[in-house]
Every structure is written in C-alpha cells, then in structure tokens.
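A.B. asks: Residue numbers (the numbering used here), protein chains in the order written: chain A, 3 to 231; chain B, 528 to 607; chain C, 528 to 607; chain D, 17 to 748.
No lab work stands behind these hints: they were computed from the structure.
It cannot be assumed that every hint is accurate.
[To be verified] Per label pair, the in silico range of CB-to-CB distance:
(1) D:Glu387 - A:Val217: 49 to 59 Å
(2) A:Pro69 - D:His307: 49 to 59 Å
(3) D:Glu349 - C:Leu590: 49 to 59 Å
(4) D:Gly606 - B:His553: 48 to 58 Å
(5) D:Gly634 - A:Val217: 16 to 26 Å
From the three backbone atoms N, C-alpha and C, an ideal C-beta is built for every residue, glycine too.
Chain by chain, the residues run as shown.
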Amino acid sequence: MKACVIVFPGSNCDRDLKVALTQSMGNEPNMVWHGDSELPETDLIAIPGGFSYGDYLRCGAMAGNSPIMREVVRKAEGGTPVVAICNGFQIATETGMLPGALLRNADQSFVCKDVDLLVAADNERFVGGYDRGQVVKFPVAHHDGNFFADEETLSELENEGQIAFKYATPDGELTEEANPNGSLNNIAGIYNKAGNVLGLMPHPERLISKELGGVDGKTFFDNLVHSIG
Amino acid sequence: MKARVHISLKNGVLDPQGKAISNSLHGLGFDSVLDARQGKTIELDLKDMSKEQAEKEVDRMCLQLLANTVIENYSIEVID
Amino acid sequence: MKARVHISLKNGVLDPQGKAISNSLHGLGFDSVLDARQGKTIELDLKDMSKEQAEKEVDRMCLQLLANTVIENYSIEVID
Amino acid sequence: MNKITQDIVAEHGLTEGEYSQVLDILGREPNLTELGIFSVMWSEHCSYKSSKKWLKTLPTEAPWVICGPGENAGVIDIGDGQAAIFKMESHNHPSFIEPYQGAATGVGGIMRDVFTMGARPIANMNALRFGSPDHPKTRHLLGGVVAGIGGYGNCMGVPTVGGETNFHSSYDGNILVNAMTVGLADTDKIFYSAAAGIGNPVVYVGSKTGRDGIHGATMASAEFDDDSEEKRPTVQVGDPFTEKLLLEACLELMATDAIVAIQDMGAAGLTSSSFEMADKGGVGIELNLDHVPMREDGMTPYEIMLSESQERMLMILKPGREEEARKIFEKWELDFSVIGKVTDTGKMVLTMGGETVADLPVAPLADAAPEYDRPWVPTPKPAKISAEEVQQPNDLREVLLKLMGSSEIASRKWIWEQYDHMVMGDTIQRPGGDAAVVRVHGTDKALAITTDCTPRYCYADPETGGAQAVAEVWRNLTATGAKPLAITDCMNFGNPERPEIMGQFVGCINGMKDACEALDFPVISGNVSLYNETNGQGIHPTPAIGGVGLLEQSSQMMTMGFKSQGDQVYLIGDLTGEMGQSLYLREIEGREEGAPPSVDLKKERSNGDFLRNAIEKGWVTAAHDVSDGGLAVALAEMSLAGNKGADITIETDLPLHAALFAESQGCYVVTVDPANSKQLQDLAETADVPICLIGTVGHNELKIENALTISLDELGKEHGSWMPSLMAGTAG
Ligand SMILES: Nc1ncnc2c1ncn2[C@@H]1O[C@H](COP(=O)(O)OP(=O)(O)O)[C@@H](O)[C@H]1O
Ligand SMILES: [Mg+2]
C-alpha cells in the first residue's frame with residue numbers, strides 16, 4: 003500500500019503520523035511538501051496535525067490555500083481515502099472537503115490529554131477495527147477543536163451517519179464533562195458524504211504502543227491498512 | 528492606499544472568546560455588560576488603485592483567505 | 528447600548544499574524560498588498576447609560592482586561 | 017554624534033570605574049553605539065560579573081561530558097554516537113511585565129540555544145515560581161505564563177514534559193520563569209560558536225530586526241522599583257511559527273558541511289552574538305549594517321546592534337557556500353543576508369551608509385569584562401526543630417488532606433494539560449511522575465528529565481538547600497530507573513550588591529558543588545539571574561536545577577503508581593523526623609522556621625544506587641522519592657497515580673506525625689512483588705542500605721495504622737481541585 007503525508011510549514015505531527023503509518027504498513031509513506039502541485043500515486047492521503055502557518059488568521063486557513071490542497075481535494079472527490087487529523091481536520095474544513103468549522107475551545111485553553119471516544123457510525127474503511135458503540139481512547143492536543151456547524155448541517159451529519167467519533171465517558175455517555183472543547187453534539191470527528199474523507203481532532207497516531215500508554219490508535223491504522231490494503 | 532476588513536462571527540455561531548470576555552468582565556464587577564463578541568480587523572496597505580478596484584480586490588482576498596464564510600461575516604472599508 | 532473596542536498592536540511591535548497574512552496573500556497572487564496588520568474588535572452590549580459614562584466604563588474595561596497596554600493600543604466607539 | 021555625558025553612562029548601567037576602563041581600552045571616547053555595546057557586553061546578564069568567581073568552582077567534568085559550560089548549551093554523551101544537549105534559562109523580568117510574551121520568548125530563546133548546537137529539541141521543561149496564591153497578580157501571571165509557554169512550545173511541536181511550580185510571597189513582585197530544553201544530536205555533528213576562516217562570510221538568518229526589547233539585557237540586570245511597570249519597556253513578541261521554520265532550515269543546512277560556526281541572537285542580539293563568535297575564534301569581524309534585514313524604517317546602528325528581536329541566528333559559512341545556504345532558507349521563507357566577513361584585525365568594525373559607526377577591539381573588550389569579588393556574609397544557620405518540639409495534631413487525617421490540597425503539593429494537571437506533552441511520539445512518562453521520560457527516537461534508550469529546587473530550604477540554609485536541590489534532581493531521575501548524568505542550573509537571586517544576598521549565592525553554590533561531587537553529577541550549562549528584588553525585598557534564593565539521566569532500556573522505566581494489590585511496600589532510607597522548614601510546619605502551624613532537613617550525600621548515593629540496581633533487576637513495581645510533605649504525601653501520591661490504596665504500618669521511635677510528615681532526605685518508597693521480597697532485602701543488606709517493610713498495596717483507600725484512613729476519591733478531590741479553583745477564582 004502507498005500513502006502520502008502532506009507537510010506544511012508548521013506541521014509538527016507529520017513525523018508521528020509517518021511512524022504510525024510505517025508501523026502498520028511495513029513501508030514508509032511519501033512525505034509531500036505543501037508547495038508541490040502534484041501528488042505521487044497513492045492509496046491514502048494523510049493530513050497531519052500541527053500549527054500550519056502558525057495557526058495565524060484562522061487555523062488551517064492558509065494551508066487550505068496551498069497548491070497541494072487543490073490536488074488533494076481533486077483526489078478526494080475521485081474517491082481516494084483521506085484522513086485529516088487535528089490541524090489536518092481544520093484544513094479540511096477550510097477547503098470545504100468537510101462541512102462545519104472548528105472554533106476556539108470553549109474554555110479558551112489549549113488542551114492535551116487522553117479522551118474517550120464513542121465510535122458513532124459504521125465505516126469499514128476507517129473504523130472497521132472497532133464496533134459501533136465501542137469506546138476507544140485517543141489523545142487530544144489542540145486549541146481550536148470546538149466543532150461548529152449550522153443546524154441543518156448538523157442534523158444531516160447525524161442522520162446520514164457522518165459522525166465518526168463523539169467525546170464520551172468511558173461508559174459511552176455523551177456528557178458535558180466528557181467534552182474537552184465545547185463541540186456541538188460532542189463531535190470529535192466526521193466523514194464527508196461519500197465517506198472517504200475522515201476528519202478528527204484526536205490523535206490516533208499518539209497511542210500506538212503499550213509504552214506510549216495504549217494501542218487503540220494502532221488498531222485504527224492497522225485496520226486502515228487492512229481495508230485499503 | 529489602505530483598506531480595513533472587519534470580520535465577525537455570524538449570528539448563531541457560538542463565540543467562545545466573546546463569552547469568556549463577558550464572563551471575565553462580570554468577574555471584575557462590570558455588571559453593565561450584557562454581552563460581548565469578538566471579531567478581527569485586518570488592515571491592508573495596498574498599492575494605489577481606484578477605490579472600486581480596491582474594493583473588488585479586497586473582496587476576493589476575503590473570499591479566498593481572510594474570512595471563512597461558513598462562520599464569518601466580513602465588511603470592507605477602503606480608505607485613501 | 529453598544530460599544531465597540533478596536534485593539535491593535537503598538538507601532539514597532541512584531542505582528543507575526545500580519546506578516547503571515549501578507550505572505551499568504553502574496554502566495555495567492557495578490558501582489559497589490561504591501562503590508563498587513565491584524566487587530567481585534569470587541570463588541571459590547573451594555574445596559575443603558577450616558578455616553579460619557581459608557582466611555583469611561585469601557586475605558587476601565589480596556590485597561591483592566593480587554594487590551595494589553597504593554598503591546599497594544601485601543602480605541603473606543605460608543606454607539607447608541 | 018551625541019556627546020557622552022555622565023548621565024548617559026549611568027543610564028547604560030556602567031559604573032564610573034567601568035567607564036574609565038572603556039576610555040582606557042579605546043584610547044578615546046566611545047560613540048553612543050559603542051557605549052551601548054560596552055554596556056550590554058558588561059551587563060550582569062552577559063558578563064556574569066558578580067557570579068563568575070563562584071560558578072568556576074562547580075564541577076563540570078566527567079567522562080561522559082562532551083562540552084561543559086561556555087557554549088550555548090552543554091553536551092553529554094549518551095552512547096551509540098549520540099549526544100544530549102541541554103540548558104536552562106531565566107526569563108523572569110519580561111514575564112512579570114507581560115506574562116504571555118515574556119514566557120513565550122523565554123521558551124523560544126532556550127530552544128534556539130539548543131538547536132544552534134545542531135540538536136533537535138526533544139523536550140521542554142519549565143520551573144516556575146509565583147507570589148502567594150492570594151496575591152492579586154498571581155492568577156493573571158500564572159495564567160499568562162502557562163499560556164505563553166504552551167503557545168510557543170506547542171506550536172514548535174516540542175513536547176513540554178514537566179517542570180515545577182512553587183508559590184511564596186517572596187515572589188510577589190518578582191516571579192521566576194525558568195525554561196529548559198533538551199535536544200538530541202550526533203556526537204560528530206555538534207556545532208560551536210567560534211568564528212574562523214579569514215574572509216569567510218558572516219550570515220544573518222531568520223526574522224527581520226525591529227526595535228524590540230532594546231536594552232532588555234540591561235533591564236534584566238537592574239532592580240525593579242514601583243514605576244518599572246509604568247515604563248512599559250518594549251517587550252518582544254514571540255513568533256513560534258518563524259522559529260519552527262528556523263529550526264527546520266538550520267537543521268537542513270547543518271546536514272551539509274557548509275557551516276563553520278553558528279550562534280543564536282539572544283539577549284543583546286547582534287552585539288553579543290558577533291562579539292562572542294569573534295572572541296572565541298580570536299578573530300575580527302566586519303559587519304555592514306545596511307545589509308541587516310530590518311522590519312522598521314530609520315533604525316540607527318545603536319538600535320540594530322542592541323535589538324532583541326527574536327528568531328534570528330548568526331552564522332559563519334565556508335566560502336562559496338552562500339547560495340546553497342540561501343536556497344534552504346528561502347525554501348523556508350526566511351530572511352537570509354550576508355552581512356559581513358571574518359577578518360584578521362581582531363577588531364569589530366561596523367559600517368552603515370558608507371561610514372564606520374563603531375570600531376572596537378574584540379579581545380580587550382571581552383577580557384576586560386568586569387569580574388567582581390563581591391563582599392558576602394554567610395547566612396546564619398537556623399536551629400533544628402525536632403519532632404518533640406512540634407505538637408501532635410489532633411487529626412492526622414485532616415493534616416494529610418490539607419497538605420494534599422496545599423499550594424505546594426496540589427496537582428499541577430491544570431498546567432500540563434495546556435502543554436502538548438506528547439507530540440513527537442516518544443513521551444513514555446508524562447508529567448505527574450518524579451521525572452518525565454522521553455525515548456531517544458528509534459532506539460531502546462530513553463532520557464529522564466526533571467527540574468527541582470526547594471527555595472524555602474535554600475532561604476533557611478543556602479548550603480543545605482543547594483545540596484538538597486541537586487540531590488533531589490538526582491533522586492527523581494533515579495526513581496525512574498535512569499542513571500543521572502548531568503545538570504544545568506538557573507541561579508535566581510536578589511541583589512548581589514547586598515552581602516547577605518551574595519552570601520546566599522555563595523552558600524548555594526557550595527552546597528551544589530558538594531552534591532555534584534558526591535553524586536558524580538557535573539554541571540554542564542547554566543544561567544544566572546540576579547537583582548530579582550522589588551523595593552529591597554529579595555526573592556527566596558532559588559537555584560533551579562535541571563537534570564538529565566539515561567535509561568539504556570526504555571522498557572525498564574519505573575513509575576510511581578501502585579500497580580497490583582498485594583505488592584509489598586518498602587521504605588528505603590532513614591526517617592529523621594526533622595521538622596524545620598517542613599510543609600507541615602508551614603501549612604499546619606503557620607511557621608516558616610528552623611533548619612531544613614539534613615542532606616547526607618553518602619547515604620543519598622548508596623540508597624539511590626541500590627534502588628537503581630533493584631529496578632534493573634526487575635524486582636521493583638513502583639518507586640517514588642520522599643520530598644515535600646514527607647512519607648505520608650509520598651504514599652498518597654503513589655496511591656493516586658496507581659488508583660490503588662495501601663495498608664501501611666510504620667514502626668518507629670518517632671512521634672507519628674514526624675514519621676509521616678518530616679521531609680527526610682534520601683528516602684524512597686518502593687513496591688515489589690512478594691516473590692522478590694527476600695532478594696530485595698538481601699541486596700539491601702549487602703549494600704548496607706536501610707530498608708523496611710511498611711505495608712502492602714490495597715484497594716481503594718489509604719490506611720495508615722494508628723493514624724488515618726482516607727478513600728482515594730477524597731484524596732483525589734483535595735489534590736486535584738486546588739489549582740482549578742484558584743484559577744477559576746473560586747478558591748476559598
Ligand atoms: N510548570 C509545570 N509544567 C509541567 N509540569 C509540571 C509543572 N510543575 C509541576 N509539574 C509536574 O508535576 C509533578 C509534580 O511536581 P513536583 O512536586 O515538583 O515533583 P517532585 O516532588 O517529584 O519534584 C511533576 O511530574 C512535574 O513535572
Ligand atoms: Mg519526586
């Protein structure tokens with residue numbers, strides 16, 4: 003399997019994503035510079051976390067205008083799977099690949115900790131390693147992860163099974179305390195309509211071994227590789 | 528010439544910063560504050576051109592980069 | 528009544544956001560942009576009071592919370 | 017050009033004696049630019065004039081030390097051709113004036129010190145001291161500092177993995193913000209700052225120069241008074257995004273062999289960087305200031321030379337490599353400009369607009385930097401306070417709860433959750449333990465990192481306090497199973513012109529020296545911050561110590577949480593029952609009195625070596641040192657970390673409150689599987705280390721016989737809620 007990781011000025015989870023993908027794929031992904039206008043042949047595009055362009059103006063806004071993103075959007079429209087994590091998720095909403103927007107966390111602070119996530123919909127490709135309704139643990143680390151969408155979009159996301167993950171208690175309850183950033187409906191990650199683009203604030207690439215404190219992230223990438231193969 | 532772009536959150540979009548500001552103001556005893564909203568201003572120095580041209584140009588900048596119209600409104604003021 | 532506070536960086540203070548915005552606009556081909564600076568606007572809904580009183584009150588808010596006068600300037604506009 | 021008057025000289029912080037030396041060196045009057053250069057080069061911050069004499073006495077060598085103090089950061093060998101490079105630095109005054117930007121630029125500065133030597137930063141730490149929790153400024157300062165540290169470090173993508181935080185009224189007007197960075201490099205790819213190669217180009221890279229923080233270095237060396245806040249000195253604004261690009265660009269260029277020497281522009285910017293490079297290399301430098309990238313119009317040579325704009329570096333390149341280097345910096349969208357060349361004149365010559373604006377001899381200026389042997393008086397030794405002199409409390413349970421929720425011991429989770437402590441994917445011990453542990457990427461090795469200092473001990477008895485700070489660092493590294501290798505220090509003190517303060521400094525240094533020698537734990541880098549004083553009130557002497565240790569096998573790392581019900585709990589070391597300066601005395605009796613607990617460096621070493629040995633053998637399931645709050649607090653912390661209680665029985669001749677709450681040094685609590693119990697005891701006997709079985713790991717409460725029973729829920733609430741409620745303004 004071939005994968006690419008897009009690297010923007012200010013990306014800082016690009017290496018972590020590479021490590022996670024390499025662990026699951028057995029070969030290294032292509033690291034693609036934002037200024038390139040063409041993508042190498044690829045079965046998966048991954049947009050990493052970090053602070054592209056310092057998160058200045060709006061998180062992801064400037065990266066969304068990078069030459070490479072036009073190509074990423076085109077490939078996504080053609081069905082190539084895209085996983086966009088944290089800053090990647092913000093970039094994906096800025097380009098319109100995913101609906102909604104990510105606002106400043108409700109309590110104004112950066113938050114870095116493990117969170118529990120309810121797997122909220124079926125999508126073999128991305129969450130085939132888990133069961134719907136299962137609770138998994140990934141870390142979050144962001145300042146602007148407060149998901150917002152207008153009511154119409156929100157109910158569409160809910161009704162069409164486009165919500166990938168919701169912040170939850172370890173028992174799967176969707177409480178306010180379990181929500182680290184004020185996201186509407188506790189939303190932590192969403193799919194596009196076609197289901198081939200996943201954006202999520204939490205970082206599966208950070209929990210890929212026992213030494214790091216958990217393996218739910220490894221399951222995520224193993225499944226991705228297995229299903230895309 | 529100069530242009531100023533005001534960007535504010537659309538009605539109905541939760542404004543965490545504004546909310547935090549009004550909470551803090553209340554905490555400081557400013558009870559006269561009913562609500563607060565936070566927006567952005569971007570000031571641009573531009574090469575000389577006609578006012579209309581400048582407005583058009585800045586509007587394109589807003590659509591492409593400066594504002595996110597999913598959540599934000601913007602208005603443009605050209606000053607010369 | 529309403530008041531609007533404009534907050535901008537003092538002259539000579541580095542404005543990383545402005546710098547990144549102008550670079551990005553250039554990258555998008557907006558060559559007419561010479562420089563960009565980013566500021567904040569805070570809109571306040573206030574209980575009714577006299578204009579002077581409002582100005583005084585908001586000024587105190589700026590000094591105490593809204594502006595960081597070490598690096599920022601502010602101006603107040605009271606609208607009723 | 018301005019005539020130099022006495023007032024101007026005084027404004028530049030030079031004494032009459034120093035100024036007459038300037039005249040001697042030059043054989044003429046300096047112009048303003050030259051005077052400015054002298055003033056920053058001879059400031060306390062750059063010249064270490066009050067501290068040098070004493071710093072020289074610290075041990076700096078060991079077989080594993082590659083580069084000790086003197087460069088941008090210290091370097092140690094961690095095997096396999098790899099080196100760890102680290103340093104700690106203060107940003108106290110700027111953080112008091114503008115907490116967010118002050119702390120942020122402090123983090124930016126220390127990271128540059130590390131990556132300028134060729135290392136990729138892999139971990140940040142922060143040692144913070146604030147005024148008393150109810151001081152009206154504390155919340156604002158704490159909130160701003162933490163946001164600033166996070167704002168910069170998070171954006172850089174370097175995890176902030178730990179630190180320490182104290183509160184005391186002596187810091188009400190002078191908070192301390194000390195930041196430490198640890199980086200990783202190959203031993204054959206370390207970059208130094210000595211300029212060399214006559215004719216080689218001098219290159220400026222990074223951000224443009226503006227009028228930022230002009231005279232910041234002299235500000236950091238002057239005492240505060242009430243109107244310094246009103247003066248609103250220009251503070252620097254950090255641009256972590258640019259620094260991230262600078263980091264990547266520098267590392268990319270460093271992978272080639274184009275660089276001869278490199279130095280970051282820190283305090284006193286272009287002045288100190290160029291002088292240091294020239295002085296170290298024994299060469300001259302010629303700079304054309306017209307070529308310095310500038311952010312503002314009309315900057316004078318004085319302003320250009322003294323600007324403290326951040327995110328800039330100065331390099332000497334090999335001849336003909338300019339274009340290759342320029343391409344890399346342009347790819348990263350950074351300024352790149354050849355601004356001068358290396359000369360054989362031994363002089364620093366600056367030109368602008370075709371005119372010579374400064375012409376100074378390098379070596380005489382550097383060699384003549386003042387060095388003072390300031391008068392000092394030793395701090396009188398306070399009397400010890402024995403257990404018998406402290407009344408038994410009615411309710412030991414209440415005491416433990418109160419300590420767990422006290423400002424010194426309460427959880428710092430509110431802080432570290434605002435720091436990205438996991439990015440780079442190698443943090444295997446997150447904040448909250450004795451030391452953070454970060455893997456050496458792609459190897460089985462890991463580095464343990466901690467910062468410690470107990471200022472109340474240093475205030476009562478600087479010598480014991482200095483030794484204790486080093487010993488506690490060593491102990492915290494040891495508790496993770498790591499072999500402690502070296503330390504960096506950040507010496508924060510009041511006004512050295514007062515003999516009592518100078519006495520504190522000397523005392524702390526002497527104590528540190530003893531501990532470093534006894535523990536084979538050399539100092540490889542450091543920083544001094546003096547004049548931390550407001551209206552004549554000095555801070556508690558605070559020699560913050562940052563230490564790094566090595567775990568050969570990251571899988572052997574130890575943590576403090578109780579693991580399995582039924583594990584046996586042992587105490588290593590002797591409880592001394594000394595109550596002076598304990599948190600018990602302060603929090604329960606409201607007394608900050610007496611001598612701090614004594615530090616026995618021989619026992620410290622044998623107890624620690626024994627524990628490390630036992631961890632390596634795989635017998636130990638949890639380990640934690642005894643520090644603030646004593647044995648009972650250590651047990652409570654282990655319970656909370658593992659979410660398991662314990663059943664404890666302490667057999668001792670001491671009164672129970674002294675056994676539980678005295679802050680006996682050199683002690684650890686460990687747990688072992690009962691199957692390994694005998695071997696542990698045998699090893700202790702062979703090593704002549706005192707060890708005592710005190711209980712077993714239990715379920716959901718901490719029980720100490722004849723003293724207390726507390727559920728973990730209640731302990732956790734006390735421990736966890738103090739800082740959030742302080743910051744929410746709801747603290748009682
Ligand atoms: N400012 C801070 N930033 C990050 N972590 C911190 C900070 N202050 C304290 N901590 C963490 O809280 C824990 C407890 O700190 P401390 O009481 O100083 O530990 P110890 O007694 O073992 O030296 C440590 O893991 C430390 O790294
Ligand atoms: Mg400890």
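A.B. asks: Next step is simple, just say for each hint if it's right about the structure.
C.D. replies: Now the hints, each set against the structure:
1. D:Glu387 - A:Val217: 49 to 59 Å: Check passed, 57 Å falls within 49 to 59 Å.
2. A:Pro69 - D:His307: 49 to 59 Å: 32 Å, violated
3. D:Glu349 - C:Leu590: 49 to 59 Å: Violated, at about 37 Å.
4. D:Gly606 - B:His553: 48 to 58 Å: 34 Å, violated
5. D:Gly634 - A:Val217: 16 to 26 Å: The hinted range 16 to 26 Å holds for glycine 634 (chain D) and valine 217 (chain A), with Cβ atoms some 23 Å apart.
Hint compliance for this structure: hints 2, 3, 4 are not met, and every other hint is.
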